[in-house]
Amino acid sequence: MVAPARLSRRSLLAASGGAALALTAAGCGGGSGGGNGFAQASGDKVPDKYAKRTRVVVWHAYSGNPGTAITELAKRFNESQSDVYVEAQFQGTYDETAQKVTAAVQAKKIPDLVTFSEVNWHNFYLNDLLEPLDGYFGSGLKRSAYNQKLLSEGVLKDKLWWLPLARSTPIFYYNKTLFHKAGLPDRGPATWDEWRDWSKQIKGLKVKGKQVKMEAYQKVDGDWQFQGSVWQWGGAYSNGLNVAIDQDPAVAAGEWQRELIFKDKMAYMADSPSVDFQNQLIATLVTSTGGLQGMTEAAEKGKWEVGTAFVPKKEQQVVPTGGGGFGMLAYSPKDRKQAAWKFIEFCGKAENSAYWTLTTGYLPVIDAAVDEPDLKKRLADDPNFSTAVKQLDIVRKEDEVRLMVPNANILIYTGLQKIWANNTPAKQVFTDVAGQLKKATDKVRKNIEKHI
Amino acid sequence: MSAVDARAGARSADTVGAGDRPPPRRRRPRHLREYLLFLAFIVPNFFFVIVFAYWPVIYNAYLSLTSWNMLAPVKEFVGLTNYTDLLTDGDFLGTLRITVIFVLGIVLGSMVLGLAIAVLLNEKLIGRGFVRTMAFAPHILSGAAIGTIWLFIFDPNYGLLRPIFGVVGLASPNWMTSSKWALPGLIIVYLWKNMGFIATVYLAGLQNVPRDLYEAAAIDGSGPWHTFRKITFPMLSPVTFFLVITTTIGTFQAFDIIALMTGGGPGNSTTILSWFIYQQAFKAFDAGHAAAAAMLMFVVLIIITALQARFLERKVHYR
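Those protein sequences? They're chains A and B, same order as listed. Quick note: the first sequence uses full-length UniProt numbering, first residue 1, plus one each step. Quick note: the second sequence uses full-length UniProt numbering, first residue 1, plus one each step.
Check the hints yourself; a few may be wrong.
List time: in silico PhoX-like cross-link candidates among lysine-lysine, alpha-carbon distance up to 20 angstroms [to be verified]:
{"#": "1", "chain 1": "A", "residue 1": "K100", "chain 2": "A", "residue 2": "K208"}
{"#": "2", "chain 1": "A", "residue 1": "K263", "chain 2": "B", "residue 2": "K75"}
{"#": "3", "chain 1": "A", "residue 1": "K301", "chain 2": "A", "residue 2": "K206"}
{"#": "4", "chain 1": "A", "residue 1": "K446", "chain 2": "B", "residue 2": "K124"}
{"#": "5", "chain 1": "B", "residue 1": "K180", "chain 2": "A", "residue 2": "K443"}
{"#": "6", "chain 1": "B", "residue 1": "K180", "chain 2": "A", "residue 2": "K450"}
{"#": "7", "chain 1": "A", "residue 1": "K439", "chain 2": "B", "residue 2": "K283"}
{"#": "8", "chain 1": "A", "residue 1": "K108", "chain 2": "B", "residue 2": "K180"}
{"#": "9", "chain 1": "A", "residue 1": "K265", "chain 2": "B", "residue 2": "K180"}
{"#": "10", "chain 1": "B", "residue 1": "K283", "chain 2": "A", "residue 2": "K100"}
{"#": "11", "chain 1": "B", "residue 1": "K180", "chain 2": "A", "residue 2": "K438"}
{"#": "12", "chain 1": "A", "residue 1": "K443", "chain 2": "B", "residue 2": "K75"}
Hints are computed from structural coordinates only; laboratory data are not their basis. It should be emphasised that the depicted structure is a prediction, and the values quoted were computed from it without experimental measurement.
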């Protein structure tokens, strides 16, 4: 009895060892499919009623209200037709989504549609991973339906690579109740100098025992708003691929903020300026239109009133656009690309674009959306909501170095943190940042020049 | 080491013993079977170690010699350029300096505090079991939870620390948005996280110190501090040795709490090596520099561990 038992235990162990090996080998080798070796990203089980349709995987970066809205759009799309099943998968922030797409390309298991930020899509374009979208327009969705200014930001080398979806601009928010208490007029300041005068009247105001300040700068990603400041001061981060952040206008804009923090003591760097604005720690804030819904709700709860206005002027009145849009991965097979376009067509219908804007606060990317009854009413009733749309007249496409050079935005906001937190002179910081940006640009210059 | 040697010895003895008994004709197949069985046991483990431990290191070493954005089909060979870039880059050298402060602060701080807690908990105090549990609790929390809790504690407007500073008439510093305070703040968080685990391991060590040593010391008239210095601490040396090495390695790999609380900033004030590597790889998509920095960290860790083994082990008493 003993001997066979020992033998069987041994062989069992040996067999299980062999099985483990085989499994690993299978795991490492698995996952191929499609002619070019790229398989589709996996996900939830497709519901039975959609099993026979072409499955399209959309990776998106939206949580909260925008997350609800894109999930709802996917649901409505799936119910509206019988050929395509769209699966919308949340992948974290824009940066995290881009990281995951990078990993997915390496693993050769990719989604079909991705929402890239205005910065991130360039890296995928420069590596020939995006599909040009011009050929897909037709009777279902006309190119002319889009806001042409926003659409043109996705065009390089005369082809369209990135389609606007969750676009926004920074707008000026102010706390009407605090303005009233300070004896200020109920409007946004026309210029930054007027704004600074007003800050003297805000000084000394307290809410719940806390000193109210004039504004706060966003620790991470604050380089987006600051780009607007640099433009308003008459400068740029870069002209084409020539770095200009170390030139006088940008330095002056940086010094202005440094003085507000360390001399006037009316501003500071914050983890989340929006939260501080909602808690009435600051009286004004320049941030994305996308935050309007949250600000309005917080103001109602806190029993105060929020106002919006155009971002003030210095030398110029101009703001950047930002936010996300659709990119289609070139390695997705033809049938899935066509199916994915059906979903884009659906999102591009005026009523759906209006629904998206109403739910999220992002700009209407389809011109006809503003004539949809619900959105039309909202724009008429709520002046705050219409500020962003009106401000579209003064938007400008972002500077090339920030858009195209990987890591440029991080190099810039890391520099800004040194001004805001360490009181380092702007000239010194921007000279360093310019050096880093030039080095980073030189590394990719050849490839960029080939692609633009 | 000794346990492994003993096992190896046992195996060879077994083999010799096995070779003695059977007649020469049967020796080979038996040997072969034993050998195959040995392989069946070892190969799966070996395979996983190679795939998940050695291969990444080797591949990383290769990547460190290339310029690659993680998307392009071709990795361009650039030799040692990535290394020379890093070692002449002021920001990277600053990162190394911050890493040293961070690691020293956390390793020394948590060892001292952990030992102090362990010594206290080794005494017969009321509610000792409860305090032991409380001390260990932070260790089992996830980094994300710890980061969120401490962001709240540190918040200069609403945080728990604010009233404490208020009592002595001071304003709470802007911990996470000030370059001066962010690094000390992070070190405090990691001390809080590590202390309990270190205390628990030390406590186990303390309870293994033979009582007769203390009795002998008491008879000789040794005071508490002298007893601690001459008996307790030396008898704990194997534990100290283990903890110093594991805490050092663990601290070099710190990431989650930094990601949540500071993102390496403000400026570069909390950018330690692990964060720098992440940022190069997944923010700048610069695999070459990230891999080169990772290789440098690998080498530094090997050197530190070797030095610790060489100098600390001399002082270790394994009873």
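| K443 of chain A paired with K75 of chain B [C-alpha distance capped at 20 angstroms] | holds (14 angstroms)
| request: Below or equal to 20 angstroms on CA atoms is what counts here, so check K265 of chain A against K180 of chain B. | output: OK: K265 of chain A and K180 of chain B at ~18 angstroms, within 20 angstroms.
| If you draw a straight line from the CA of K263 of chain A to the CA of K75 of chain B, is it 20 angstroms or shorter? | With a Cα-Cα distance of about 50 angstroms, the restraint between K263 of chain A and K75 of chain B is violated, given a limit of 20 angstroms.
| said: Can you confirm whether the C-alpha distance between K180 of chain B and K443 of chain A stays at or below 20 angstroms? | reply: Given pair K180 of chain B, K443 of chain A is violated - Cα atoms ~33 angstroms apart, limit 20 angstroms.
| message | With the threshold set at 20 angstroms, check whether the alpha-carbon distance from K439 of chain A to K283 of chain B stays at or below it. | response | holds (16 angstroms)
| query | Is the straight-line distance between the alpha-carbon of K108 of chain A and that of K180 of chain B 20 angstroms or less? | reply | Outside the cut-off at roughly 44 angstroms; violated.
| field | Pair hint K446 of chain A and K124 of chain B, alpha-carbon separation not exceeding 20 angstroms | value | It is violated: about 72 angstroms lies between the C-alpha atoms, which goes past 20 angstroms.
| query | Taking 20 angstroms as the top limit, are the C-alpha atoms of K283 of chain B and K100 of chain A close enough? | reply | At roughly 12 angstroms apart (the allowed maximum being 20 angstroms), K100 of chain A and K283 of chain B satisfy the hint.
| Holds or violated: K100 of chain A with K208 of chain A, Cα cutoff 20 angstroms? | Violated - the C-alpha atoms of K208 of chain A and K100 of chain A are around 43 angstroms apart, more than 20 angstroms.
| Given hint K450 of chain A paired with K180 of chain B - CA-CA distance at most 20 angstroms | With Cα atoms ~44 angstroms apart, K180 of chain B and K450 of chain A exceed 20 angstroms; violated.
| Hinted pair K180 of chain B and K438 of chain A, Cα distance within 20 angstroms | violated (29 angstroms)
| request: Could you grab the alpha-carbon distance between K301 of chain A and K206 of chain A and see if it respects the 20 angstroms cut-off? | output: At roughly 18 angstroms apart (the allowed maximum being 20 angstroms), K206 of chain A and K301 of chain A satisfy the hint.
Of the hints listed earlier, those the structure fails to meet are numbers 1, 2, 4, 5, 6, 8, 11, in rising order.
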